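Working from the sequences, and respecting the hints, build out all of it.
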Amino acid sequence: DSLFLTIGPGDFLVHHDIALGLHTTTLILVKGALDARCSKLMPDKKDFGYSFPCDGPGRGGTCDISAWDFMFRNPTSILSKSQTNPHHASAQPESQPPPNEYPTTGPTIKGEKSSQHA
Numbered sequence: 001d002s003l004f005l006t007i008g009p010g011d012f013l014v015h016h017d018i019a020l021g022l023h024t025t026t027l028i029l030v031k032g033a034l035d036a037r038c039s040k041l042m043p044d045k046k047d048f049g050y051s052f053p054c055d056g057p058g059r060g061g062t063c064d065i066s067a068w069d070f071m072f073r074n075p076t077s078i079l080s081k082s083q084t085n086p087h088h089a090s091a092q093p094e095s096q097p098p099p100n101e102y103p104t105t106g107p108t109i110k111g112e113k114s115s116q117h118a
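Counted the way the UniProt record's numbering counts, the sequence shown spans residues 1 to 118.
Possibly wrong hints are sitting among the right ones.
Ranges between beta-carbon positions, derived for each pair [to be verified]:
1) L79 to K31: 17 to 27 Å
2) V30 to G8: 24 to 34 Å
3) T6 to L29: 29 to 39 Å
Honestly, the hints are just simulated from the structure, not real lab data.
What you are looking at is a predicted structure, and each value in this text was computed from that prediction instead of being measured.
Idealized CB from N, CA, C, for every residue including glycine.
Written as structure tokens, this is what we have:
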């Protein structure tokens with residue numbers, strides 16, 4: 001057993017994946033809330049509403065992600081990360097080593113060491 005890593009590598013990766021998903025979701029919502037009123041390219045974006053399309057760089061460069069786009073992006077991120085938990089819960093028991101039914105050391109029923117019988 002490791003002093004620093006008491007969980008298996010699979011659990012370690014899943015925990016980091018969940019943390020990444022939570023942080024990504026939070027950052028998407030915060031950026032969407034902060035950029036909802038304006039952007040550097042279009043200061044009056046709030047006056048056009050949520051349905052204003054992206055003009056792209058060919059027509060003035062007003063292509064900045066709107067607040068409404070964040071509402072579509074966030075559930076996608078949540079859905080992607082939410083599929084990790086059921087998969088991890090079903091795969092974890094299969095990845096655990098089986099219990100040692102016949103230990104090579106330690107007392108037996110009679111109180112003798114089992115390694116003496118081998």
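When the hints from earlier in the document are held up against this structure, which numbers fail?
No numbers; nothing is violated.
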